[in-house]
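K.L.:
Okay, here's what each chain looks like letter by letter:
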Amino acid sequence: MTLDSTFQFLGLIVVASPAVLLVVLGLPMLLGKALSESVQSNFTKAAVLTGLSAAVVILGLMLAFDSRHVPIEFGNWVSIPQEHFHFHLKFVFDRLSVPFAILTFVLCGTVGAFASIYLHREAGYRRFFLFYAMFLLGMMVSSLAGTIETLFFGWELVGLSSALLIAYFHERPGPVRNGHRVWTVYRVADAAFLVAALTLHHLTGAGDFDGLMGTGPWPEGVAAIDSWHALIVGLLLLVAAAGKSGMVPFSGWLPRAMEGPTPSSAVFYGALSVHLGTYLLLRVSPLLEASLPLSIAVVVLGLVSAIFGTLASRVQSDVKNALAFASLTQVGIITVEIGCGLRYIALIHMIGHACLRTLQLLRAPSVLKDFQSLENAIGERLSTGPSIWQRIIPKSQRAWLYRFALERGYLDGFLNEYIVRPFVNVFRWCDLQERRWTSFAGGGEKRESDGVSVYGDSLEDVV
Amino acid sequence: MRELHLPWMELSVLLPLLGAIWVSLLKNRDTARIHSTVICALTLLCATGEWIDFSSLHTFEAHDHWDMLTKVFHKDVFVIDELSAPLLPLGAMLYLMTVMTTLKTKVNRFSFGWTLFSEAILLATLSCRGPWLIIALMSLATVPPWIEMRSRNQSTRFYSLHMGAFVALMCVGQALVPDDVSSLNPPIIGGCLLAAGALLRSGVAPVHCWMTDLFEKATLGTALLFVTPMTGAYVVMRLVLPIAPDWALQSIAVVSLFTAVYAAGMALVQHEARRFFCYVFLSHSSLVLVGLEMVTPIGLTGALCVWLSVGISLLGFGLTLRSVESRTGRLSLDSFHGLYEHTPILAGLFLLTGLASIGFPGTVGFIGTELLVEGAIGVYPLVGLAVVLAAMLNGVAVVLAYFRVFTGTRHTASISLKCRKSERVAILVLTALILGGGLYPQPGVSSRYHAAVALMDHRGVKVVDHTTQTEPSTEPSPAPPSDHSQ
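Sequence order for the protein chains is A and B. Its first residue numbered 0, the first sequence is counted upward by one per residue in numbering that gives the first Met the number 0. Its first residue numbered 0, the second sequence is counted upward by one per residue in numbering that gives the first Met the number 0.
Bear in mind the hints are in silico, worked out from the structure with no lab data behind them. Incorrect hints may appear among the rest.
Computed cross-link-like contacts, DSSO-like style, restricted to lysine-lysine with a CA-CA straight-line distance of at most 27 Å [as the list claims (entries may be wrong)]:
no. : chain 1 : residue 1 : chain 2 : residue 2
1   : B       : Lys-105   : A       : Lys-445
2   : B       : Lys-70    : A       : Lys-32
3   : B       : Lys-74    : A       : Lys-32
4   : B       : Lys-420   : B       : Lys-103
5   : B       : Lys-26    : A       : Lys-32
6   : B       : Lys-417   : B       : Lys-105
Construct the complete structure from the given sequences, taking the supplied hints into account.
P.N.:
Dropping the structure here:
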């Protein structure tokens with residue numbers, strides 16, 4: 000077996016293991032069969048361990064043979080050769096994707112093991128692991144994607160599984176509303192991503208990262224498009240990244256995402272999903288070098304998000320929310336690092352932060368007990384003295400700042416007031432005009448649907 | 000013209016036609032449902048056989064073997080080509096799935112005889128290319144929903160007004176089209192009237208309200224079957240595309256694009272599930288029209304792919320809604336219903352079909368939507384942005400409806416709301432099509448690309464093969480003689 004075929008085989012295992020897991024967990028649900036908790040848990044463990052082992056072996060081989068860029072080709076998924084349209088299915092193992100893939104397997108494995116106990120006998124156990132498998136597949140495809148379309152594929156899977164897991168406790172309206180809110184923000188981010196991907200496709204004739212970044216492995220590639228195009232595509236990708244990572248102005252979804260079960264909060268919004276935006280920026284980092292205004296925009300966005308995150312995290316009364324905003328602070332700093340061209344530092348920061356935050360979030364349910372243990376150990380209450388900021392900032396401004404942080408920068412209110420409400424009002428007005436028109440031309444004042452009430456004409460009522 | 004190995008098209012039309020007569024004679028509604036299902040299944044078999052047979056011939060068009068209609072009328076009445084070949088099995092499948100998933104609670108309201116009659120008309124419409132015959136069949140197709148609404152004591156004024164206008168526009172428009180017509184020598188008034196008629200039938204804003212009215216007043220099954228085959232788009236392809244000048248097509252594309260965004264926005268503010276579905280459908284069918292009018296190989300291929308994917312996915316979406324309605328009555332979207340725990344499989348299918356319709360990765364709609372947006376961005380970047388905006392709004396609306404219908408509260412049921420066997424079969428078939436078409440899209444895309452090239456050739460636009468040349472994708476060429484006067 001040659002080195003290339005070994006890489007091909009191992010690469011296939013890395014991508015296929017979460018895909019197989021998704022099929023194994025999803026197919027019985029479709030057929031109306033129920034797998035037991037232990038079977039699901041064992042399948043999950045097997046898939047994660049298989050994928051992780053293959054990824055680690057790939058890393059070992061890359062180090063041993065000094066390979067910095069290992070493309071795994073699956074050929075064209077779809078092609079129209081006459082029109083030069085190709086949807087190329089390709090995965091790349093390099094210094095960026097391999098650490099992120101291994102990180103994904105490690106954290107998902109940890110959280111999977113935790114969840115199998117934490118969610119024991121929960122009604123939604125099967126549903127959780129199905130979405131978990133979808134998330135794992137999405138993360139692997141996104142991490143290893145060699146083309147922007149492939150990355151989009153994984154990106155969407157991550158978004159859907161995240162939104163559905165936020166609404167995991169779906170017998171209550173709160174989690175469902177929050178899940179939908181997050182899904183809406185993700186759709187905006189996805190739209191920006193799709194337009195960026197297709198613009199890129201249009202400009203370069205292919206969505207291949209090799210074509211986009213020119214020759215040279217990550218992070219030494221040079222963008223193959225001019226600075227204006229880099230700025231346009233880069234700004235669209237920045238919107239996509241901001242949406243996915245909860246950066247300003249989309250930060251309002253971060254505390255809402257904490258409605259999901261703790262294991263999913265840990266792995267999604269503390270560790271992996273929240274870093275997917277910064278991962279995207281790292282992947283297309285040669286674009287930043289091609290356009291100085293784009294780099295400045297990235298730094299500014301990161302800085303604003305970091306400051307906002309640190310302010311908001313300090314006033315949260317809920318530990319998961321505090322951790323969510325603390326994550327945003329770090330994500331903002333990572334974004335600044337990327338904008339400044341410090342790619343390796345950003346990558347290391349991302350991995351370290353993801354591990355720490357997963358641990359903190361998994362400990363979150365027992366945080367009070369931890370504090371009590373700590374206080375018992377030291378024999379006194381934990382207390383914090385006034386910080387330097389309390390001495391510098393006048394009281395009135397501190398109160399304003401506190402309110403600003405407590406209201407999470409009024410970001411949700413701003414989006415509701417200036418985007419959602421006008422949008423809804425315009426279409427409600429259109430609906431009213433349609434009603435008038437149908438009443439006038441149809442000769443009736445009332446719509447059939449006006450009389451619809453919850454279970455008004457139900458079979459159960461008949462029974 | 001090449002010949003199929005069997006008279007597939009005639010059989011596809013004859014079977015439901017005879018079946019309609021037979022079923023209307025049956026007194027027992029349950030027996031009628033079973034017989035209708037068998038007839039629809041046989042029709043689907045014939046339509047699929049036609050598609051496979053046609054694909055094996057590697058030709059642009061073909062007619063039936065032992066073509067009785069040709070012998071009677073001395074010209075090809077039923078002709079299959081690359082555009083209509085997959086539409087016939089799709090249409091037959093729409094009917095089979097709808098009839099099969101009709102629950103006992105609905106058999107007294109849903110007329111199987113008229114449904115089979117509608118199927119025969121639909122398949123005949125898709126099988127023929129003569130303009131007057133298409134107009135006659137399309138006019139006839141408007142009758143069964145009208146009869147149903149009358150029988151349910153609903154006002155048909157609004158529906159009659161619009162369908163009357165549709166028939167009048169088509170007839171006058173076609174009468175004004177001369178025989179020697181082509182896109183280089185377009186009949187302005189006739190072409191405009193035909194386009195207006197086709198757009199009215201497609202439900203393009205601002206003449207779309209008849210569709211919401213239909214969904215309000217007819218049974219959901221009948222309304223679904225009347226709109227989901229997208230015969231308005233078919234009329235555009237057959238009667239308008241070959242003769243319309245570029246500016247006319249661009250105008251249609253702009254109006255359709257507006258409808259796509261408008262309907263997606265309207266879907267988000269609806270209070271009731273049927274109206275919501277209607278707007279989601281309108282938005283998607285308008286996107287198909289946008290692609291059809293771009294007349295670029297990529298855009299047209301995307302539109303033809305989306306046509307099929309939307310047909311499959313929104314059929315599933317609509318049928319799921321219908322199944323839920325059969326259990327709970329009409330659904331308000333102002334409150335949560337929490338039906339997931341009782342019907343998890345229906346919930347899954349609702350989400351899957353909804354996501355497939357918006358082109359979610361891994362589903363049948365993904366590649367079509369990508370091609371559509373790519374084609375749009377290639378021609379007008381702003382059009383591409385609007386298509387993405389419509390898809391985004393539809394995505395938000397679909398998940399909102401899922402949450403409202405299946406989650407948000409705990410529903411206590413006094414009877415079992417689980418899926419019935421027939422529903423489960425339909426769900427499995429649709430899931431297989433949605434995921435199979437999504438994971439292995441190449442055959443479908445290749446087939447639709449050939450159809451797109453052939454249609455452009457028919458219009459007089461020569462498509463340049465980029466594998467051998469690097470010229471612009473399209474260039475005008477002398478138009479072939481139009482068979483518009485057939």
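K.L.:
Now, for every hint given, state plainly whether the structure supports it.
P.N.:
So, going through the hints one by one against the coordinates:
With a C-alpha separation of about 24 Å, the suggested pairing of Lys-105 (chain B) with Lys-445 (chain A) holds against the 27 Å cut-off. Restraint check for Lys-70 (chain B) and Lys-32 (chain A): the C-alpha separation of about 55 Å exceeds 27 Å, so the hint is violated. Proximity of Lys-74 (chain B) to Lys-32 (chain A) is assessed by CA-CA distance (about 55 Å); at most 27 Å being required, the pair is judged violated. Restraint check for Lys-420 (chain B) and Lys-103 (chain B): satisfied, since their Cα atoms lie roughly 13 Å apart, inside the 27 Å limit.
For the given pair, Lys-26 (chain B) sits about 38 Å from Lys-32 (chain A) by alpha-carbon distance, which is inconsistent with the 27 Å threshold. Between the alpha carbons of Lys-417 (chain B) and Lys-105 (chain B) the distance comes to roughly 16 Å, so the proposed pair stays at or under 27 Å and holds.
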